[in-house]
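*Asks:* One letter stands for each residue in the lines below.
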Amino acid sequence: MTAEGTAMTATAPATGPAGPASTDPPKPQRSSPRTTLPAPRRTEDRRRGTSLLRATDAYALLGSAAAALSLTALLFDRLLPFDGAVGFTVIAYALFLGCYALVVSFDEDGPAVRDRVAAVVVQSLGLVMVTALAFVVVYTLWEGRRALPHLNFYIQDMRTAGPLDPLSAGGILHAIVGTLEQILIALAITVPSGLVCAVFLNEVPGRFARFVRTIVEAMTALPSIVAGLFIYATVILALGFERSGLAAALALGVMMLPIIIRAADVVLRLVPGTLREASYALGTSRWRTVWHVVLPTARSGLTTSVILGTARGVGETSPVLLTAGFTAELNADPLSGPQVSLPLATFEFVKSPEPTMIARGFGTAAVLMLLVLVLFIAARVIGGRGPGQLTRRQEHRRVLASRRDAERFAARSPRTYADRDPHQSNDDPSAEPSPTRSPQ
Amino acid sequence: MRRTRERAAGAAVGAAGVEAPRRLYADPGLPDRIFRSVARGGGGLVLAVMLLVGGFLLYRAWQALSKAGWGFVTTEAWEPDAGNFGIAAVLTGTVLIALVAIAVAVPLAVGSALYISEYAPPRLRRTLVSVVDLMAAVPSVVYGLWGLFFFQSHVLGTARWIATYLGWIPLFTVDGADPTDPLATETVFTSSTFIAGVVVAMMVAPIACSVMREVFSQAPVGEREGAYALGATRWGMIRSVVLPFGKGGVIGGTMLGLGRALGETIAVYLIISPVFVIQPHLLQNGTSSVAALIALRFGEASEFGMSALMAAGLALFLMTLVVNFAASSIVARSRSGAASDS
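Just so you know, the sequences run in chain order A and B.
Numbering of the first sequence is given in this note's numbering, commencing with residue 13 and proceeding in unit increments.
Numbering of the second sequence is given in this note's numbering, commencing with residue 1141 and proceeding in unit increments.
Keep in mind that the hints were calculated from the coordinates and are not lab data.
Bear in mind the structure is a predicted one, so any value in this text is a computation, not a measurement.
For each residue, glycine too, the CB sits at the ideal point set by N, CA and C.
Mixed in with the good hints, there may be bad ones.
Claimed, not checked - Pairwise CB distance ranges (calculated): (1) B:1311 x A:217: 47 to 53 Å; (2) A:282 x B:1327: 49 to 55 Å; (3) A:109 x B:1440: 26 to 32 Å; (4) A:171 x B:1178: 42 to 48 Å; (5) A:175 x B:1243: 17 to 23 Å; (6) B:1243 x A:348: 23 to 29 Å.
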């Protein structure tokens, strides 16, 4: 403020003569200039801090926290018959909010106090959520630490290992194989049909497409056990197949299908309309536009939606429980015999009261979670870009393809492509670059 | 292309004589017609699968439903082979668990969605978004393990505290708990609706949070800056711009979470100890849910018992369908839903 103040006083003499100027116009030939620029006397000025964080805020927070902690300790220790960590935390937090509001209200008005308290509440809710979720994950990995270091855990099945055997015998190879086979079969079914359906929703609009979209959206909340029940009722009871990995894969597919369609539908809707229109304007047919423009543009997003659907499918227990049965042996044939998956193995392990089995259950859950984590990171890496954005390598490939095209066109016409007579080339159909020939 | 052009020219010549409106006709060509029918077929296939799920469940459930009649909705017991079965108890249990889950998850989800979209530093934001989305993909059996082996043993003291001091509220009453007896066992507090609900809440909170965050971050910048220009604090801006704009997203996210909570099987199965009476006391040992009932009984079910389980599954399916339809129509009607698909 002081710097601006001095600037104002310094410029005042310059604007002062503007009043009498109407009667007495200033002469430009005057020896001393009327306008004086303020001298650059900014040496003692400090740069203004734009940070919203002030020291007093930190003091208020710390002071309220200290006050709340000591008050709660007093309450719990001396005054009231309470105990337990959860109660302590809840009461301390409530007291902290009260203290903080009081401290802030000493030098702020009502809206500012509400703003501060709301900021604290929102930030602590976010913190609670992230900590709680991170804790669930870390807890599982921590409890799985007893089973995970054993190599046999990954390369043996539970055929020879009983509940009382130590962790150095038996493993979850059968569950890993089962999960991989089931999810691959489910993907082989859901990816083509899901993508075709998503393309249908976007490219063939109409009343039917709207109806299908409504149904698909409603089915995203299909309980997984109902999907399992459906496959159990149709494939196993009505068609008479035995419980197998294939039935489990079908159940997972029914569950994953609406999830993948919905995510792919959203991604396809993000493809810029101008790209499609440019393609149509070049005379391209509809399916060539979809195949060469829409799908490549949305490729990263489509991959992400498939991977996220896979992550959901991998972790589902109940469809597999109903349709695949349970076995302790390795069964690599998805067409016959019961086949177990990672979440189902976890579930069966922890139903046992034996500590080693529970440790195996946690180990299986940790392996499952690592699998989901890998899938998720893959989805983030691939899907981090918007539709149409290319990596460096893709861009390089695109440039090379375009150069090849130019050479090919140049080779086909006797003259160079640029200075060709347009009228002549229209009459000559062989020189016309057909849009259907352009490689992608 | 050429064929189309010739045909259009021919139509123009024919129309020149008579004053009939020109019929616009574009021949899409054979490949396009194939493409269209394949796409339509894909859509129809998916639709058929989805309708089959409901249709087949109804067909299979009909045997049990026709025998039980309206008693299916009002009976509490589940003894299908004795002819005495209904979903009154399991449906109440399902709804109560879902309501507890929503009551815990929604404040958490709204708070963390607001934190991520409004308060978090921009550099942290991307990480937080990834973390929350990852949590939505964590398998439910992992949450079940956490609830069974960690949360249950640590929450019993709190449950006892609530039952002791708030036991006069009918919802929190626990039969058989004696606060004056210092040696009383805590087993009456295990496997309760409350514990199952909190574990399910941990599962659905990230899902609800990611929907809400998506909507909050779409609140128009102009209106945000308008609020600031009028002198609003950050909270004032959130209350007058972000929350009204994202109301549809909040409700939609809540309903989406509710749909997931209703259908959750394994986490609930691991925690509860099933009883087949209506159990309105949240903290009391023993509750039940439709999904857990199916997972529990399908192995030993007779043919008629299977039909009864299908009927229970159908009821669950209809309930989640209604919730989800409500959610999508609320989101579509809200202001934020008009522009986004969340």
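*Asks:* If a hint holds in the structure, say so; if it does not, say that too.
*Replies:* For each hint, the structure was consulted:
1. B:1311 x A:217: 47 to 53 Å: holds (49 Å)
2. A:282 x B:1327: 49 to 55 Å: holds (54 Å)
3. A:109 x B:1440: 26 to 32 Å: Given a distance of about 52 Å, which is not inside 26 to 32 Å, the answer is violated.
4. A:171 x B:1178: 42 to 48 Å: holds (46 Å)
5. A:175 x B:1243: 17 to 23 Å: violated (39 Å)
6. B:1243 x A:348: 23 to 29 Å: Taking Cβ atoms as reference, residue 1243 (chain B) and residue 348 (chain A) lie about 47 Å apart, which means the hint is violated.
Checked against the numbered hints above, the structure violates hints 3, 5 and 6; every other hint is satisfied.
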